[in-house]
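Got chain A; can you put chain B on it based on the hints?
For the record, the sequence lines run as chains A and B. Our numbering numbers the first residue of the first sequence as 1 and each following residue consecutively. Our numbering numbers the first residue of the second sequence as 1 and each following residue consecutively.
Keep in mind that a hint or two might mislead.
As the list claims (entries may be wrong) - Below, a sample of chain A positions facing chain B; criterion: calculated Cβ distance under 7 Å:
1. ALA14
2. SER18
3. GLU41
4. THR43
5. GLU44
6. GLU68
7. ALA69
8. THR72
9. ALA144
To be verified - Short derived list, chain A residues pointing at chain B, Cβ under 8 Å:
10. LEU42
11. ARG64
12. VAL79
13. LEU134
Keep in mind the hints are simulated off the structure, nothing from the lab. We treat Cβ as the ideally placed atom computed from N, Cα and C, and that holds for glycine.
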Amino acid sequence: MSADLHTLTGAYAAHALSDTERLAFERHLDACPACAQEVRELTETAARLGGAVAAPPPPDLWDRVRGEALVTRQLAPVVGRADRRRRAGLHAGGRRFPPLLAAAAALLVAVLSVTALNLGLLGRSDRSERTADLVAAVLAAPDARRVAATPGGTGRATVVVSRGRGQAVFVASGLPPAPAARTYQLWVVGRSGPRPAGLVEVAGGGRVTRLLDGPVTGDEQVAMTVERRGGAARPTSEPVVVVDL
Amino acid sequence: MALTWTRREPARRPAGAPAARPAGDEALEGLLALVARGDEQAFAELYQRVAPAVFGLVSKVVRNPAQSEEVAQEVFVELWRTASRFDPARGTARSWIMTCAHRRAVDRVRSAESAARRDDLAGRRDQGRPYDEVVEQVETSLEREHVRRGLEALTDLQREAVVLAYYGGYTHREIAELLGVPPGTVKTRLRDGLIRLRDHLGVDA
Chain A
1 MSADLHTLTG
11 AYAAHALSDT
21 ERLAFERHLD
31 ACPACAQEVR
41 ELTETAARLG
51 GAVAAPPPPD
61 LWDRVRGEAL
71 VTRQLAPVVG
81 RADRRRRAGL
91 HAGGRRFPPL
101 LAAAAALLVA
111 VLSVTALNLG
121 LLGRSDRSER
131 TADLVAAVLA
141 APDARRVAAT
151 PGGTGRATVV
161 VSRGRGQAVF
171 VASGLPPAPA
181 ARTYQLWVVG
191 RSGPRPAGLV
201 EVAGGGRVTR
211 LLDGPVTGDE
221 QVAMTVERRG
231 GAARPTSEPV
241 VVVDL
Chain B
1 MALTWTRREP
11 ARRPAGAPAA
21 RPAGDEALEG
31 LLALVARGDE
41 QAFAELYQRV
51 APAVFGLVSK
61 VVRNPAQSEE
71 VAQEVFVELW
81 RTASRFDPAR
91 GTARSWIMTC
101 AHRRAVDRVR
111 SAESAARRDD
121 LAGRRDQGRP
131 YDEVVEQVET
141 SLEREHVRRG
151 LEALTDLQRE
161 AVVLAYYGGY
171 THREIAELLG
181 VPPGTVKTRL
191 RDGLIRLRDH
201 LGVDA
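Chain A with its partners taken away, still in its complex shape (with noise of 0.2 Å):
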């Protein structure tokens, strides 16, 4: 029995059990540490097939949500989770970022979803026709790679990089305006020291698409620093954000 239900894993997963067959397997995850973890595995897996099939909601769910939600009571946390949650490193109040600059600490750059990122792709008024199928297409470079920032600095962020096109695309959301006089900066960062990649211009609801200028080979770092108006020939502040690519 219990050697059966080892290969059950995979169908809790995906909710392929029936209701009999999925208490008996709860049962037996409280006592297998092996199963547990495979199904924390999988079904993180699982969740991003459903991130794969993305679509946009119709514009009025959110307020029937809203509506509802509000004439909701909700649950009471579990008592004792709190220190839990407190190792976890998730305050209440969300995360903090160190007071270095203005700019930085206010910075929350997430990535887009999918739909957010074509939406944000299509937004682009100011961009030419001809920069945003550049963007395009190293989004859909069979060797595309997406790399988040850096966990752990002052921001988040994430580079789109296809080697077989030496290209990249530095894709944010969430991300303030530039202090007055003052400008956002993209830089790639190889061995032989910092490379200007551009100037960051941040559209509605902070977003940002930019097509990194210059090759990139997928060895380097990306940067973003906060620079005067203009840009910088060198970056003159630490990075706001860096992506390892």
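Okay, now just chain B, sitting in the frame of chain A:
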């Protein structure tokens, strides 16, 4: 932040491991913690971030547009209600949310239409594979591309088992019936398939 302004020697990810899970997930966890305290603005932001994923998945499984909207609404109210029960030690916020969405979608198709589903089951044998539909929807996005390549890397039976279970909402017994193989085979193919996908997608949990 520590950056020496020269590229340090590359600290390579383990061979074959692509970029890890979609980023932004830590932000989701923070939002959920706020939602648990009744923060409506955090709930609105959470909705904005995950509504396409939730609605897309629910629609994929439920298919009927009106029912899909109902289920998606249920999912979000459930997230609002149970946000305090999310435990970051047990998995990511995204996974928790998508699991809730999938569970609700599967419950809907299993409860409402067991008879209709049997017809559907019979009908489906003569139709194109659901996998083809998935492939059709996969065009622009990296995540889709990444997942599509992951699915392509599976054996036919693994892929069909995973797609029918996850996107089709079928139980392993129904899948066994559909594919004409023993239920035990479906169980192991589901597991093998998801494990292979896990490795392809570089999921760490």
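Hint check:
Annotation: A/ALA14 was flagged as interfacial toward chain B, and the flag holds, the nearest CB pair being 4 Å apart, inside 7 Å. Among the interface hints, the one on A/SER18 holds; its C-beta lies about 6 Å from the nearest C-beta in chain B, closer than the 7 Å criterion. Of the supplied interface hints, the one on A/GLU41 holds, with its beta-carbon coming within about 5 Å of a beta-carbon of chain B, less than 7 Å. Among the interface hints, the one on A/THR43 holds; its C-beta lies about 5 Å from the nearest C-beta in chain B, closer than the 7 Å criterion.
Hint status for A/GLU44: holds, given a least beta-carbon distance of 4 Å to chain B, under 7 Å. For A/GLU68, the interface hint holds, since its Cβ comes within 7 Å of a Cβ in chain B; the closest pair sits about 5 Å apart. With its C-beta approaching chain B no nearer than about 4 Å, A/ALA69 sits inside the 7 Å limit, and its interface hint holds. Annotation: A/THR72 was flagged as interfacial toward chain B, and the flag holds, the nearest CB pair being 5 Å apart, inside 7 Å.
Because the closest C-beta pair between A/ALA144 and chain B is about 6 Å apart, less than 7 Å, the hint holds. A distance limit of 8 Å between C-beta atoms decides the matter here; for A/LEU42 the minimum to chain B is near 4 Å, and the interface restraint holds. Interface restraint check: A/ARG64 against chain B, minimum CB-CB distance 5 Å, threshold 8 Å, status holds. Interface hint status for A/VAL79: violated, as the beta-carbon distance to the closest one in chain B is roughly 10 Å, over 8 Å.
Violation of the interface hint for A/LEU134 is found here, the shortest Cβ-Cβ separation to chain B being roughly 15 Å, above the 8 Å cut-off.
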